[in-house]
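Protein sequences, first through last, are from chains S and G.
Residues 1 to 98 in this note's numbering are what the first sequence spells out, letter by letter.
Residues 1 to 137 in this note's numbering are what the second sequence spells out, letter by letter.
You may find that some hints are simply not true.
Each computed PhoX-like pair below joins lysine-lysine, with the alpha-carbon atoms no more than 20 Å apart [stated by the list, open to error]: (1) Lys16/S - Lys95/G; (2) Lys4/G - Lys65/G; (3) Lys101/G - Lys90/G; (4) Lys5/G - Lys16/S; (5) Lys68/S - Lys16/S; (6) Lys5/G - Lys101/G; (7) Lys65/G - Lys16/S; (8) Lys90/G - Lys68/S; (9) Lys4/G - Lys101/G; (10) Lys101/G - Lys16/S; (11) Lys16/S - Lys36/G; (12) Lys16/S - Lys88/G; (13) Lys68/S - Lys88/G; (14) Lys96/G - Lys5/G.
Just so you know, the hints here were simulated from the structure itself, not pulled from any lab data.
Chain by chain, the residues run as shown.
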Amino acid sequence: MDLTQPSGQMPPPRPKNWLVESILVTLFCCLPFGIVGIVNSASVNSRYDAGDYAGALSASQQAGKWTKIGFWVGLAVCVLYILFVFIIGVSFLPRYSS
Amino acid sequence: MPLKKSLYFALVTIVIAALAFIYYRYNPVKYGLFPKCPFYVLTGFNCPGCGSQRAIHCLLNGDFKGASGYNLLLVVSLPFLSVHFFYKIKSALVKKDLRWKLIYHPLTPKVVFVVAVVFWVVRNIPVLPFSYLAANH
Chain S
1 MDLTQPSGQM PPPRPKNWLV ESILVTLFCC LPFGIVGIVN SASVNSRYDA
51 GDYAGALSAS QQAGKWTKIG FWVGLAVCVL YILFVFIIGV SFLPRYSS
Chain G
1 MPLKKSLYFA LVTIVIAALA FIYYRYNPVK YGLFPKCPFY VLTGFNCPGC
51 GSQRAIHCLL NGDFKGASGY NLLLVVSLPF LSVHFFYKIK SALVKKDLRW
101 KLIYHPLTPK VVFVVAVVFW VVRNIPVLPF SYLAANH
């Protein structure tokens, strides 16, 4: 997006605020990253309304960054947990001798 | 719609459908394969998302009361999430970026933040009626 445009033109489109994605991460990834995302979505809305388009865009990128970190860390924890349970389960399987 | 984007949508739909089937069919209380919340395991406190997996199992089986007992925040946020995703699907169909105005209202993220943090704190107070909000009762 072009941020160097002179003032007086049409305002740039409102950046994505990641609010819903942050709520989903808060509810499903069990990590405080979703809350960081919610805080940043608040600044996306308030900075854009105050005319600080560059600030809104950088808050949007921050919100996106923390939401994605939360998502991937949450997913990694799930995968590791399932692998862990699976390995333990396999090692405790009863062995049948023929 | 470009091929890459439709492939992405197909993949997401398949994953969601598979997860929905797993959470419909298997109760996370009874099977150890469902991941535990890392925050709960480390600290012993509930996080705002604790109980979501059990709540989803209840919801998919039509048990709203049980779901509210495991994670009230999830049940309360569902109507809002549905409206948002309705707008998302509609904008994909009409090929326009439609947005729900409420999501972009300056107060909305602040209210969500306060609700999430208050819920997080209050559900860890081990006294009735607050303990009704905890995931493990």
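Results for each hint:
Restraint check for Lys16/S and Lys95/G: satisfied, since their Cα atoms lie roughly 17 Å apart, inside the 20 Å limit. Note on Lys4/G and Lys65/G: the hinted pairing is violated, with a Cα-Cα distance of about 41 Å set against a maximum of 20 Å. A threshold of 20 Å between alpha carbons decides the hint, and for Lys101/G with Lys90/G the separation of about 15 Å falls inside it, so the pair holds. Between Lys5/G and Lys16/S the CA atoms are separated by roughly 19 Å; this keeps the pair inside 20 Å, and the hint holds.
Taking the CA atoms of Lys68/S and Lys16/S, the gap is about 14 Å. The hint holds against a cut of 20 Å. This hinted pair does not check out: Lys5/G and Lys101/G have alpha carbons roughly 25 Å apart, beyond 20 Å. Pair hint Lys65/G plus Lys16/S does not hold up; C-alpha atoms about 34 Å apart against a cutoff of 20 Å. With a CA separation close to 24 Å, the supplied pair Lys90/G and Lys68/S exceeds the 20 Å bound.
Our distance criterion of 20 Å between C-alpha atoms is broken by Lys4/G and Lys101/G, whose separation comes to about 29 Å. The straight-line distance between the Cα atoms of Lys101/G and Lys16/S is roughly 12 Å, inside the 20 Å bound, and the hint therefore holds. Annotation: proposed proximity of Lys16/S to Lys36/G is violated, straight-line Cα distance about 31 Å (limit 20 Å). Straight-line distance between C-alpha atoms of Lys16/S and Lys88/G comes to about 13 Å, which keeps the hinted pair within the 20 Å bound.
This hinted pair checks out: Lys68/S and Lys88/G have alpha carbons roughly 19 Å apart, not beyond 20 Å. For the suggested pair Lys96/G and Lys5/G, the alpha carbons sit about 15 Å apart, so the restraint of at most 20 Å is met.
Comparing the model with each earlier hint shows violations of hints 2, 6, 7, 8, 9, 11; every other hint is respected.
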